[in-house]
Structures are given as structure tokens and as C-alpha cells.
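Chemist: Listed below, chain by chain, are the residues.
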Amino acid sequence: MMATESSTYYVPEQSKLPVVTGIGLGVMAWGAATWAKGGSSMVFLVGVLILGTALFSWFSTVIRENRAGLTNDQLKRSYVWAMTWFIFSEAMFFAVLFGSLFYVRVLALPWLSEGPTQELLWNGFEASWPLFVTPDMAVAGEAARVKGPDAIIDPWHLPLINTLILMASSVTLHVAHTALKKNSRKPFLIWLGITVVLGITFLFFQVEEYIEAYRELGLTLGSGIYGTTFFMLTGFHGAHVTLGTFMLLVQWLRGLKGHFSHDDAFGFEASSWYWHFVDVVWVGLFIFVYVLGS
Amino acid sequence: MAHGPAKGIGRWLFTTNHKDIGTMYLWFSFSMFFLGGFFAMVIRAELFAPGMQLVDPNFFNQMTTMHGLVMVFGAIMPAFVGLANWMIPLQIGAPDMALPRMNNLSFWILPCAFIVLASTLFMEGGAPNFGWTFYAPLSTTYAPASVNYFIFALHIMGASSIMGSINIIATILNMRAPGMTLMKMPMFAWTWLITAFLLVAVMPVLAGAVTMILMDINFGTSFFDAAGGGDPVLFQHVFWFFGHPEVYIIILPAFGVISAIIPTFSRKPLFGYSSMVYATAAIAFLSFIVWAHHMFTVGMPIAGELYFMYATMLIAVPTGVKVFNWVTTMFRGSISLETPMLFAIAFVILFTIGGFTGVMLALAPADIQYHDTYFVVAHFHYVMVAGAVFSGTGAVYYWLPKWCGRMYNEALGKVQFWLAFIGFNIAFFPQHFLGLAGMPRRYADYSLQFADWNMVSSVGAFMYGAAQVLLLYNVLSTVIAGKKVTEPKTWEGAEGLEWTVPTPAPYHTFTTPPEVK
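The listed protein sequences correspond, in order, to chains A and B.
For the first sequence, the positions run 2 to 295 when the working numbering is used.
For the second sequence, the positions run 95 to 611 when the working numbering is used.
Source of the hints: derived by calculation from the structure; they are not laboratory data.
A quick note: this is a predicted structure, and the numbers were derived from the prediction, not measured.
Certain hints may be false.
As the list claims (entries may be wrong) - Heads up, simulated DSS-like pairs for lysine-lysine below, C-alpha to C-alpha not over 27 angstroms straight-line:
| no. | chain 1 | residue 1 | chain 2 | residue 2 |
| --- | --- | --- | --- | --- |
| 1 | B | Lys278 | A | Lys77 |
| 2 | A | Lys77 | A | Lys148 |
| 3 | A | Lys17 | B | Lys101 |
Sequences and hints are given; from them, build the entire structure.
Modeler: In C-alpha cells, the structure reads:
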């Protein structure tokens, strides 16, 4: 039931969604702060609930408006700009984490192991990567507060498999997109479904890897700068894969309901850009964290 | 489509209208300006005389921290976002912002974030006391228990800024009226387009910085802990990679405002429009590659010091282009000195002083003397207050008649200007002397030789504070009972689409886009 496109730009009526979403975020922020310092997680969960409900309702509204033909081409261009710049902001966030990794490896660690800094503060510390012996261990030995990991993840097992999985998922997603452009619904759904399954498989292996790191390798968030950068980079990437998988799953369900057509599929396209972005970040991770980090 | 303003409080809570949202941003910013100003008054009252009189040192540190945070994130940034909301759709002939509901979300996050931030004042251990730059390990190992609330408040403020900026970019790139090419846009829209780009680029960097702090405090990571192989200096690099573009985020829209006011009251078009655009872009580009000039005393290699020194000095070139263009716009103009113009001229003079002290600070060897002294405080208040706040005040006087269809009291406006101008200079000019003489910033007490200028500075600060009360009175009395004006063009020399719509601007404007020749 696609109505004809509106010629004027759609300026929505008054809406309760934004203010509720804002309050949800505020409650969540407050709750997260309390929870992180060891308090109850209740407020945080209430915030998540408010936020989740508001966002669900918000996205439903936008989809409904689109189905009712209220969105013209110009509005869709606004969506495209918005998603593009959102992904750019995400790229900047990862850039900070990558930049920190490079700074530590190339500058900070060598500086800690030379000259008066080494003599006076961290006597006997030698820079190396992966950093098994932290400056603290070099000085205090077994009594050190911050200890390095015993071993690290071998890039050529699970990480390699995960690399292949994610790269394959980018291809399957592209095939799905091509099918959608030809309006072939069935292959679209199949290939998109395969992509979602690949995403979930990736996450499964990632969890496996974390369990191995924590249980067998002594590689944790607290094991010096190696553990810090390893888990923060892979962890935030994993969180983004989770979100991306969820986004694609929603698009799959929408596809099942027959929402998309070859020239009207912004929800799917935005999710797919996001997915490709997350894949590119992984390639960076695989090279700089796993391969060059071992 | 022609839904008008709803009745009651719901109009504001649930609005999707760029003018309503702009108004809310402006009032929010104004109230935060008074909150941050109150903190400043506490600081200046304590520093009125040497010794400890009013507050204890820990509370003094909370005041300096909260003053900075509230003014930067609560007062100045939202003020310009408010102006952007009101004026950009009017200036480019758009029916509203590109994504009106997200626009309202961007706003409503702010009060929530500042409730979380301000609540830390009442928590055990007090509010953040590590300075608005929250250097590790002050903000990690030695932070008060409330630091987590500060972190998450900053997180959602960042989300608000990113959404607001995305909205502005989408509006400017996608919603311009037919014929309104990029190089025909008013400078205010241009400066905001570039500012929004800066925000989208660096707000995630701030998010990264606070995330790392959060992890170091609560989850045992070693980003800023040398014992685990991290480095506290890394924090400064990350922070200033955000922080330097951030100061241009604050000043670029101010440039835009000045570029609107000066031509109007000089009755001449802006001199060198395209060079203004390129200069703004150049400043934005340079802002990404100069950050470590905030860190000359941290122990960088000499090559780093030299690079950051020279790169920083380059900024003086595009900034100089702007200043000369404003002056040349006034040259042989038919100038009249209404209140907005007074603020604009004061901006050009005082901002230039702030710019010059910036060049002084950029000299790495000299900075070793100035670093973390009141000279720095004087420098950035010349750009933040006499720059951003003066331009924001000028903007309010300039566009207030268009917003509410009433004229402010010109005599009162001029009194307010002179009080603010004189008060500001008495407050901050002596701080240059204090800094050169070696008085460190962020201390609750000082040695006796600094007493005289501190007293002078405090007197000036109180004067400046009083001027803001006068501004509030002038705005309120205008909105409630000012003389009605209906001319579309409030100022005879004003140009641009915003002056073609009726006064006061109707709830919906440009529902069908105008044709721009």
C-alpha cells in the first residue's frame, strides 16, 4: 500500500518519543554510573527499558510513516546523510582506540624503558610487545599489582576463522543487496539470513576466545596495557557486531513482512553500510591487534 | 502540515519545531550561564584576598572544574546550537531542521545530563575537582567517588552533540532552497556546517577519553597507569585531540554571528566572503594537527615541540584573514552603533587580543614560563568570553526582534554592553600580569605579591556578573513587554532570507521553499 510521494518535506507533528528517549538516556547514565562503582544495577535496567521501548516505538513510527508515503526523496537523502555521518563518528571512536595502541607501542613503552625514567622509576623494564612483563613486574616481581598475561591469543586459529567469517558475511550481504535491487525477494531473504547467521557465529567464536583468554592464558582486562588494548578494541568491535547483527535481523524480519522494494530500502541499506564498516574495522583489528601484536 | 503550536507545557516537551527547540536551547544555555557564572563568582570571591576565607580548597577545586564544564558544555555550546536551530532554516530557506524529532532529542538529553552532572555537588566526596580537562591520574587514581556520574553525563552530552551536528549537516547539505548554492549561504550557516563536522569528528574522541577513564577506574585497565605499561600523557594527547577542535567548535559559530552583524550595521556586504569560507575551513583543518601545544611542558621530544609550535602559529594566518575582513567590511561603511554592533566591534578587538596571547603561548620556549599560569586563564577567557559570549550576546540583541516581534530597550542594551565590556577587561586584563608574574592557575590561595591585581580582577568579575543580570532583565522585559515591531527587516542594512519572513517569525516558515536568485 505505497501511497504517492509527498511533494513537501515531511515535518512530523508533536511527538512524545524524543523527550522519553532523552529521559531514558539520562536514567541509564545515572544507573550506569551507580552500577559501575559497585552499586545496584536496577536504575540502569530501568533506563535501558525506557530507552529500548522508546526507540522501538520510534523506529516503528518512522517505518509506518514511510509505508504511508509521507517520506519523499529529499527526506530520504537526509537519512542517508545522517547515517553516513554517524558511521564517520563511529570511525573516529575506533580511531582513538587504535591511536592509543600505536602511541603505547611506538612511543610510551620505549620511553618507559630508557634513560632516567627507566633508571629511577622502572628499573630493569624492557619494552616489548606483547607486554608480558609490565613495568610494575620489572620492579616488584611477583608482588606486582599489575601483571602481564601468561600467553596471548594465536592469530592463526580462531581470529583467522573469524576474519574469514566476517569477510564472507560482507560478501553474502552484498549478494542480498544485489538480489533486493532486482526485487528478488527469496534470494534476498536467504542471503540476508546467512549473513545474520555468520554474524552470530562470529560472536560465538569471540566469546569462546574470551573464555580461553580469561581461563587459560591469564589474559584479562587487568593484565597490563596488552590486555587493556586487546579487550577494549576487540570488545568494542564485538559490541558493534552485536548491534549490527541485531540491525540486520530486524531488516530480515521486515523483509519477511514484505517491507522493501528495489528503490525503497533505506533501513536495509543503512544496516548494511554499518555492517561493512564493522567488517573493515575487524580487518584493522586482525592486522594490528592480532597479527602484528603477536 | 500546518500544525501550529500546541497549548501548555506539551508544546515544549513534545515539540518538533526548530524555533521552539532553538528557544529551549537558548533558555537552557542562559540558565547554565548563570549557574556557571555563580561558580565563577565563588571563585573570584575566594580569590578576592589571599588566605582562605569562604570555601575550603577542595570545594574551590570543584568550583573551577564545574565552572569550566558548565560553561563549555552547558552554556556556550548549547547557545550556538540554539542559534543554529533558530536561524539556519530561516537563512537557507528550509521548512525546518532535517530531522525534527531527533532535534528535540538532542535538546532533552542536555537537561538530563546536567542533572546528573550537577547532582555530584551533593554527593559524598563532592563534585569532580580535577579541572574541566580531567587529566589522569587526577581523574582516575585520585578522583572523588562521583567521577562515574561525571563520565556518563559527558557521554550523553556527547551523544546530544553528535545528533545535533548530524542534524545541522543534513539540514545544510540537503534542505537549502533552490538557488541557494553553498557559496551563497550566509557565513553563519557556513561556520556551523564546519563546526558540525568538527563535532562529529571529535565528540567520539571525547567519548573514547571518558571511556578509558571509566575502565581504568572501575575495571582495572592500564591506559593511564605506567605500572601496567600505559601512560598518563596518553590521556593528554587524547583529550587535546578532542579539546583543541572543541575550542574552535565554540568560536567558529561566533565568527558566523559577527560576520552577520558587522555588514548589517556597516551597511556594506561582508568583505571577502569566499576568503572567509576558506579561512574557516583552514582553521578547522589546522585544529586537528596542533593539539599538543597544550602540552609543551609534558616532556615531548624537541621535534614534537617544534612541529606543534610552528603548526599552531599557522592558525594566525586564516584567523588574521577573518579579522582583516571584518575591519575592511567596516572601512568606509555607514556605521551605526546599536547594541549588537557594539558587541561585534568589542568582539573583534578583544578576540584579537586573545588571539595574540594565543600566539605568545604557542611559542614553546616562552610557554614554559606561561604554562598553567593565569596568563593562560586570561588568554582563553579573552576568546571564550569576549569571543564566544560577546558574540552570543550580540546575536541575542540582533535577532531578538525577529524571534519575539518586540524591540529590546536600546539604552539599557548599551548600558549592559559597557558594563560587560569594562567589567570583563577589569576582570581579565590583570590576569595577564598575574600569570607573567608566575601566579599558577587553579589554586585557592596565592602569595601576597599577587593580592592587588587579584582584588582588581574580582571587582571586574562582579561587575561583569552584574551586567549579565541586566541582560536577563533586558531580555525578559523585551519578551514580556517590549515595543512591538512588525517590519520584516528590523535593521535597515540587514540582508538574507531571515529578514524576508514576517516579524515575529511565524511558527512555520518556508513550507514551500523560496526561490533564491
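Chemist: Work down the list of hints and note, for each, if the structure agrees.
Modeler: Hint-by-hint comparison with the structure:
1. Lys278/B - Lys77/A: holds, 24 angstroms
2. Lys77/A - Lys148/A: At roughly 52 angstroms apart (the allowed maximum being 27 angstroms), Lys148/A and Lys77/A break the hint.
3. Lys17/A - Lys101/B: With a Cα-Cα distance of about 15 angstroms, the restraint between Lys17/A and Lys101/B holds, given a limit of 27 angstroms.
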